[in-house]
Amino acid sequence: MSLLECRGLTRAWGAFRAVDGVDLDLAEREICAVIGPNGAGKSTLFAMIAGNLRKSAGTVRFDGEEVSQLSAPALASRGVARSFQITAICPGLTALENVRLGVQARQPLRWRPFGGSAAMREGETRALHWLERLSLADRAQTPAGELAHGDQRLLEVAVALAQEPRLLILDEPTQGMSVEETRRTVDLLHGVMAEAATAVLLVEHDLDVVFALAPRIVVLHRGRKIADGPAAQVRADDAVQQAYLGGLD
Amino acid sequence: MRPADPRLVLLLIALAGVLAFVLPGHATTLLTEALILALFALSLDLLVGHARLTSFGHAGPWALGAYLAGAMMLSWGVPLPFAVLLAGLGTAALAIPIGWLCVRTGGVTFAMLSLAFAQLGYAVVVKWNAVTGGSDGLAGIPRAGLPDVLAGREGYHLLVAVFLAAAYLVAHGFITSPLGRIVAAVRENEQRAEALGHDPRRIRLTVFVLSYFLAGIAGALYAGFAGYVSPELFFWTVSGHVLVMVILGGAGTLIGPMLGALVFFYAEHELSALTESWGLFLGLLFILVVIFAPRGLMGLVRRTS
Amino acid sequence: MDPLTLFTLQTLNALSLSALLFFISLGLTLIFGIMRVVNFAHGALFMLGAYVGVATQTASGSFLLSLIAAPLAAAVLGLAFERCALSRLYAREHSAFLLVTFGLALALTEAIRLIWGADARQAELPDSLSGIVFVMDEPFPIYRLLLIGAGLACALLCWAGLQRTRLGLLLRAASQNPTMTAALGNDVGRVRAAVFAMACALAALGGALAAPLLSASLGLGSNVIIDAFVIVMIGGMGSFLGTAAGSLLVGFAQTFGNYYAPELALGMTYALMIAVLVVRPGGLFGRVE
Amino acid sequence: MTQRIARRPLAALLAAPALVGVGTARAQGQPLKIGVPTAMTGTWAALGSQVVRSCRLWQKAMNAEGGLLGRPIEFLFEDTQGTPANCLRKAQEMVERDRVNILLGLMASSEALAVMPKLAEWNALFISSVNGAGSITAESWVPNAFRANTSGPMGARALALWLRNSPQTDFFSLSLDYSWGRSSVETFEGLLRGIGKRSIGNVFAPVGTRDYSSFITRVRQANPQALYIALTGDDGTAFLRQAAQYRLFERMPVVTETVDMLFTRPAGEAAIGLVGGSRYSFAYDIPANNTFVSRFRAEYNDLPDTYDGEQWQACEVLAAAIRKAGSTETPQVVAALRDLELNSIKGPLKIRACDGQAEQQGFVVRVARREGFPYPVPDVISTFTAAEVTPACRASNFT
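Chains as they are written, first to last, in this note's numbering: chain L, 187 to 435; chain R, 588 to 892; chain S, 176 to 464; chain G, -14 to 384.
Calculated directly from the structure, the hints in this document are not laboratory data. Here the structure is a predicted model, which means the values were calculated and not measured. Worth double-checking, as some hints may not be accurate.
What the hints assert, rightly or not - Here are some chain G residues pointing at chain S (derived, C-beta under 8 Å):
| hint | residue |
| --- | --- |
| 1 | Q15 |
| 2 | G27 |
| 3 | S34 |
| 4 | E81 |
| 5 | A190 |
| 6 | V192 |
| 7 | G193 |
| 8 | R195 |
| 9 | S198 |
| 10 | S199 |
| 11 | T202 |
| 12 | A223 |
Said to hold, decoys possible - Heads up, incomplete: computed chain S residues facing chain R, CB under 10 Å, no partners named:
| hint | residue |
| --- | --- |
| 13 | L273 |
| 14 | M412 |
| 15 | A440 |
| 16 | G458 |
Virtual Cβ for every residue (Gly too), placed ideally from N, Cα, C.
Full structure from sequences and hints, please.
What follows is the structure, encoded as structure tokens:
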């Protein structure tokens, strides 16, 4: 039984259908990339899955439970973690604190109004672990807002991973990074994604990154799924080339 | 800005408490009122400093706490400590529905909604003569049920100092607690807070209710201190003054607003004793502080130390 | 009075109150709209306008001159204050503006008391304006008709100014995106200075127009500011159209409320404000921040 | 705490010109400190400035004659902005730091009601000169509190007595929706029934009302033969000006509980013809009052208004009590005040032992043009004896 089952996901603004009847299944710990030209509806699809955007039609089942109407926080506490196209981190708090908040999101007494210092300390050690895995440990005490753009992207991934999610959504993790930074990020992501027991949905423009990280690829075009399968097969698919590389209609 | 070290703050409060036995009578009474205002400013700092929700209507819970405690002590002789706590709880209970409406918005809309609720409180209190005494207010409120040693000037001062210390511990405990850190996360980035599984509105409501609870406690202590409550306590100028105390002291540090309250209180009190035109000098003082002390007085303290 | 006459008179009363409220709140919405800043000193500037208006009219005998002198004085004060205090604070948080305008309010109120003393000041209206006109054989003051006319004219003038002129375009651009406007080579600093001075002038104009009805007194400032906040919030912060609508809504609500249910009138205004802000946090016409 | 700097209030423009002592004060003894926590700024500033200048004039007069019991008078003025919170703090500081045991000149009724329960604890006494609320000498009365000034109900009573022989029978009342307004209208309507007239309605404008147009329309709709208003200060001025613009006074005479030049003067022409009770009128023609008025005009080049006269009278009452007691200690002065009789600028006066209210004459005045005065001024048109206008002991109303 798959972790995530999306049936007929649609989002329309008036006549324009940003996402048009997309079905998507994802198994436990499966890593899948979603690619497509700009405006293909990738981010819209993810926003609907993560509960950030209301669905015009379609259903989402997560871990066997019907979650179509749930809000983002509700989905998050069910084990969905995500990074955003525009980095969403707490600029005024230190990098360590940001990641610790990720760890805290899974702790049972996370809403304690008083005390909880033991759980907080334990959270910090776990957080430090994720910072090291994303090579940010040396800037643990730096306010997140003062980190470089690339590091902020990595920090956001660290926060998401710290939540030990069942499903991790990464929205263009290497966007705005230099070639060198991108290669470093891909190596880091490859390591952590293998280690973490989480399924991953990845949105990425850089095909090298996609083919490096994702065994399975889904291709969106004009809101519709035009290909879904192992990387090599999709790569050779002429419909993909048609939409992507060749004569765009 | 990071809140200061709690041990230092508790020491300062203990020092202020002990001063009652050193200072001449009138100076103690003055300091008691200043400590109550410090508690009031502390409660607002939870909203303005920690959750970045600027409230223009913080006179609302302050006056509500005063009226609740005043009525309890005047009509039913409820002992003061219980009246103060019950008044705080009553204010917190009312803060839930009010908060649910206010925290949905932010920025100036939140400020104006809180102002509107405080003014609504003023309108209700002025009209409801039977219970609130209308524009004459409630006079002759006894410090019910207090043993003589606590009802006297020094005793009441110590009681206020104890309440202030407790309120500070509650506030400091809250902002360093897991929930307190989530409030900070919501302040910093709502989208990230949602992605961490927290509903921003409900999280903001917790800090809103705690802030109103402490403001209600401060108001109740004032009712016991002055023995009189009147609709003026609801007035928007009171909200303006406490907001100025918080900003003057340095929002977000808990100790800053408490110091801001003392500085504001003594500046207005001493200046108005020196000259009828105290408004001119106090106004110019604020303008200069804003320009040359960006992070408020605590900013100055931090920069020099 | 038969019901129709009563209704007509009350409508005229409501329109004159709406015009007065429009003048009171226009300056506030202009400042917030352009600079996203709440001006605590708005009430004190309104009071300054009333005092300068009365003083000018007493000295010169011309009501028209007072309507020019009051805004001018406030504009000069506003410009000076903006240059030496506000201009240093634009990079700072909102709370800095709150505190500095609160300081200005305190200082200005005390300065007015020092200059003009504590007693209320008054000047007789010129004969041409203190007459009455019969509406369905009931007397109605000409001055209130003038107020309605002035309100309408000012509304149209401001609307046209904002929508049709280059300065208006510049103001709106600066309010939506100051950085972009600056990038396009406009000196946003000067725009802000002009806006603050203009808002002070409008507040003072409101004061000068209100003086014949209310007289210039020290309590004027603190009472007026609450009405201005209510109107600007109901109409929509920074929305010029919203301020006009808010003034009409509150003007009619207060006039008819005071007639039929004076007991509830005080609480009703705030209940109305809460209702609007809960349903539409940005106000009727405003943009949610 | 900061050493008490010798208090030199800034020579604010409005305050009296520097008091140059005419004769050197012959009094040597330790100064008699009297506390005056009043509203020198804020909405009540105009009333506060009258209280302050009247106290200063009395101080100058007393010190020129050697002070009280050989002790020079020293007033401690503190600004309360008219709010009870400030008033309590300032009064407490005067009592505890400056050893003041006599408080005068409190402004708002709410301030008096806040301070009175503390008088016993402070062992201090308070003589009211401004507060008109009936409750001060009724349900809220405390032993150390006295009221030298005419109360609200006494003003309404004098007016009702004058209205006995006026043709109008149907009255409508208008006031602000706060306790002084409500008690004033309630008293007046009760008195109307006593003189065979009737009230055909009343309306209370919300506190802070600026525009009275809909209330003026309401009055016109009720179309009474006469209108009773209980408004003072800025509210009174605003109403008179706006009602005059509607030509309301051509349709019906307007009467009021208390006529202060404070609000009739800025109302200008609109105030002409206004009839009402008066707590003090400079036009009351008796020798004591005439000397006070001439002394006042010599000092301030202005006519003494309601609260100038009331404050002076309160000071006279204090002086008489201290002389009678031969001491300035609270218990003795309080005892001396009970059943104290003296002739003040408003004629014979007796402080009642049971509730501290000064039994004194009631006056009715009409605002009219008078040559030699730049603006319309109130003229005394009728006087009533103390017995006729003072309510029963500890009653805030007339049964």
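Status of the hints after comparison with the structure:
no.: 1; hint: Q15; in the structure: 33 Å, violated
no.: 2; hint: G27; in the structure: 7 Å, holds
no.: 3; hint: S34; in the structure: 5 Å, holds
no.: 4; hint: E81; in the structure: 28 Å, violated
no.: 5; hint: A190; in the structure: 6 Å, holds
no.: 6; hint: V192; in the structure: 7 Å, holds
no.: 7; hint: G193; in the structure: 5 Å, holds
no.: 8; hint: R195; in the structure: 6 Å, holds
no.: 9; hint: S198; in the structure: 4 Å, holds
no.: 10; hint: S199; in the structure: 4 Å, holds
no.: 11; hint: T202; in the structure: 5 Å, holds
no.: 12; hint: A223; in the structure: 5 Å, holds
no.: 13; hint: L273; in the structure: 7 Å, holds
no.: 14; hint: M412; in the structure: 6 Å, holds
no.: 15; hint: A440; in the structure: 9 Å, holds
no.: 16; hint: G458; in the structure: 8 Å, holds
When held up to the earlier numbered hints, the structure conflicts with 1 and 4 and fits the remainder.
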